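Spelled out from the first residue to the last, the chains are:
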Amino acid sequence: MAGLNPTVCAAAPARQRPRLWRGAVLLVAGLYFLVPLVASAVFTVDIPNEGLTLDAYTHIFSADGFTSSLLLSIGLGVATIVVVLALMVPAEIAVRLSAPRLRPVLEVVCSLPLVVPSVALVAGIGTVLKWGPDHLSRTPLYRTFVAIQDPGFPVVLVLAYVVMALPFVHRALDSGLRSIDLRTLVEAARNLGASWPHVLLRVVLPNLKSALLGASFLTLALVLGEFTVAQLLGFQPFAVWIVQASGSNAQLSVAVSLLSLLLTWALLLALAALGGRGAKNRTPATAVSTAAAADKE
Amino acid sequence: MTPSAHSCDAAVADGPGAVTGARHGAGSPEAAAAPAGGTQAEARPSRTARRSGRGSGRAWLAVVPLLLFVAVAFGLPLAAMVQGAFTSTDPQTGASSATFGNLDESLRGAYLTALWGSVKLSAVCAVIGAVLGLLLAQAVVTSRHRALREAVLTASGVLANFGGVPLAFAFVATLGNAGVLTTRLGLDRHGWSLYSFWGLALTYLYFLVPLMVLAVVPALDGLRPSWREAAQSSGATTWQYWHHVGLPVLMPSLLGGLVLLFGSAFAAYATAAAMVGSSVPLITLQIADALSGNVLVGQENVALALSLDMVVVAGLVMAVHLPLQRRSTRWLA
Chain B
1 MAGLNPTVCA AAPARQRPRL WRGAVLLVAG LYFLVPLVAS AVFTVDIPNE
51 GLTLDAYTHI FSADGFTSSL LLSIGLGVAT IVVVLALMVP AEIAVRLSAP
101 RLRPVLEVVC SLPLVVPSVA LVAGIGTVLK WGPDHLSRTP LYRTFVAIQD
151 PGFPVVLVLA YVVMALPFVH RALDSGLRSI DLRTLVEAAR NLGASWPHVL
201 LRVVLPNLKS ALLGASFLTL ALVLGEFTVA QLLGFQPFAV WIVQASGSNA
251 QLSVAVSLLS LLLTWALLLA LAALGGRGAK NRTPATAVST AAAADKE
Chain Y
1 MTPSAHSCDA AVADGPGAVT GARHGAGSPE AAAAPAGGTQ AEARPSRTAR
51 RSGRGSGRAW LAVVPLLLFV AVAFGLPLAA MVQGAFTSTD PQTGASSATF
101 GNLDESLRGA YLTALWGSVK LSAVCAVIGA VLGLLLAQAV VTSRHRALRE
151 AVLTASGVLA NFGGVPLAFA FVATLGNAGV LTTRLGLDRH GWSLYSFWGL
201 ALTYLYFLVP LMVLAVVPAL DGLRPSWREA AQSSGATTWQ YWHHVGLPVL
251 MPSLLGGLVL LFGSAFAAYA TAAAMVGSSV PLITLQIADA LSGNVLVGQE
301 NVALALSLDM VVVAGLVMAV HLPLQRRSTR WLA
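Line by line, the protein sequences give chains B and Y. Mapping the first sequence onto UniProt numbering, position 243 (from 1) lands on 243, and the numbers just tick up by one. Mapping the second sequence onto UniProt numbering, position 17 (from 1) lands on 17, and the numbers just tick up by one.
You may find that some hints are simply not true.
As the list claims (entries may be wrong) - Derived contacts from chain B toward chain Y, CB cut-off under 8 Å, selection only:
#, residue
1, Leu85
2, Pro90
3, Leu97
4, Ser98
5, Pro113
6, Thr127
7, Gly132
8, Pro133
9, Leu136
10, Pro140
11, Ala160
12, Ala189
13, Leu252
14, Ser253
As the list claims (entries may be wrong) - Have a look at the derived ranges for each label pair, beta carbon to beta carbon:
#, chain 1, residue 1, chain 2, residue 2, range
15, B, Gly247, Y, His244, 53 to 59 Å
16, Y, Ala151, B, Gly247, 36 to 42 Å
17, Y, Ser292, B, Gly193, 43 to 49 Å
18, B, Gln149, Y, Ala151, 28 to 34 Å
19, Y, Gln240, B, Gln244, 55 to 61 Å
20, B, Val78, Y, Leu112, 52 to 58 Å
Hints in this document: simulated from the structure, not taken from any laboratory. Treat the numbers as computed from the prediction; the structure is a model and nothing was measured. Glycine included, C-beta positions come from ideal geometry on N, C-alpha and C.
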């Protein structure tokens with residue numbers, strides 16, 4: 001017993017120190033990440049010389065442009081999800097099933113948007129859009145150029161958002177497909193006489209449900225928060241509206257920011273919970289972190 | 001970078017299929033724009049394709065819509081950007097000619113200041129974010145509380161996405177001129193301003209630190225306790241362990257994370273635009289100014305040249321990041 005004592009004594013301080021260090025790191029991190037949120041909440045309810053009030057929150061729905069910009073953002077989000085899934089799901093399935101040679105092409109195409117920051121992308125899009133009035137005004141294409149820039153529903157934003165969503169939709173679908181035995185599923189269904197559409201809709205897609213949901217949530221979060229492209233092309237979805245509203249009512253725009261934040265977080269947490277039930281907690285962490293890299297706000 | 005990235009790169013077979021596939025990819029116009037992406041090439045052994053010959057002839061048809069879409073929505077703007085960057089239009093005659101003038105101008109005067117400002121801000125943020133993210137990740141990984149680990153990782157996934165306008169407003173409400181902390185603590189009397197280099201850096205760290213946590217946690221998880229025990233039983237100090245074992249193994253992930261953070265900060269626009277306007281010179285803000293016509297006529301093409309500068313920097317970032325990521329996954333697999 002006596003012989004053991006020195007080791008115990010030597011080990012104890014060594015274990016104490018890291019714990020102290022760890023506590024300090026976690027405390028500082030916790031403060032840094034919580035303070036801005038709490039302070040924003042205080043900022044919205046505690047107005048100088050007026051005292052506590054919930055005006056900022058009660059006025060949100062009556063605020064000028066709130067509903068229309070939010071609806072526009074949601075509409076753009078839904079359209080983006082539909083387009084990006086319609087393009088990516090068949091491509092991913094085909095590459096995995098029977099065209100593995102195209103896989104590098106898919107990888108490259110889906111990492112390209114990471115190389116082109118959204119400001120640079122919008123610079124290019126703006127240039128292309130100027131071709132409309134400059135060169136094409138006598139051709140039928142001109143009408144297309146006008147149509148995709150309709151402020152009521154700017155299709156051009158959907159085009160840009162689909163491109164920006166490619167990297168993490170690819171990641172989400174790829175890890176989803178990796179976790180199921182696609183070939184066996186498809187061959188089994190085909191051998192039982194199912195038609196191709198039937199195989200896709202009733203066999204493959206249900207098995208990909210969590211990956212599809214994950215990709216959709218992330219795309220929606222991206223579109224709801226997107227500011228760069230919309231602002232520089234002169235449209236007014238939600239994020240742009242928040243900035244414009246801040247000029248007249250700072251409390252209101254901070255309150256809306258806080259709410260939109262909570263909404264986005266709820267979406268992403270739901271996604272994390274969903275992935276946690278699925279394959280080894282892979283999808284959410286991967287997809288979310290890639291999304292961050294892709295989003296680069 | 002993440003568990004799935006592990007398996008993704010671990011699957012790289014480097015078989016003949018992968019090589020030909022990569023060449024094939026590099027031949028298309030989009031691929032040529034980003035040689036970095038080609039390194040991510042991954043191919044399954046083509047055995048599976050041969051086994052079931054059915055459909056393989058038409059399978060590429062399913063990829064065609066995607067490629068067409070990317071060519072129009074991405075390739076066209078990119079081509080327009082490159083073309084515009086090398087073109088100047090004479091305001092009198094309207095004639096345009098090929099030139100390096102725009103690129104030249106994009107690397108001079110106020111534009112160079114902005115480019116340098118962006119690089120400096122991104123570098124500072126990346127280094128600080130990498131160090132803090134590493135500390136936080138290490139604190140979480142070595143913790144015995146499983147719930148804490150899950151909570152921090154989930155929160156990191158969420159916070160890494162918390163860029164843009166809401167982040168800017170949260171910080172304005174906290175530390176801006178009329179911010180809660182500024183007024184309560186009288187920070188402005190001590191010379192604090194959020195609308196400065198360091199204010200912006202503080203804001204960026206809010207999404208960069210979580211990004212770093214996500215990037216290094218898999219690597220920290222890969223450090224086996226037995227290595228540390230082996231070092232300790234051979235009489236190594238903590239410092240010697242980290243110097244000779246821990247850091248060398250972590251280095252690719254750390255550098256990869258650092259580069260990722262740099263890229264993220266470099267490309268950030270919304271946060272800066274909503275927060276500082278243009279009191280801090282940044283290349284993204286300059287491009288936006290030039291695009292919105294806030295400057296002289298004829299500067300649009302300089303904006304395109306600036307965008308091209310950005311693409312080059314971002315391309316370099318990815319070219320460094322991807323091999324590092326692959327190396328770290330190979331070591332930790």
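Review point. Looking back at the hints listed earlier, which ones does the structure fail to meet?
Key: 1, 7, 8, 9, 10, 12, 13, 17, 18, 20
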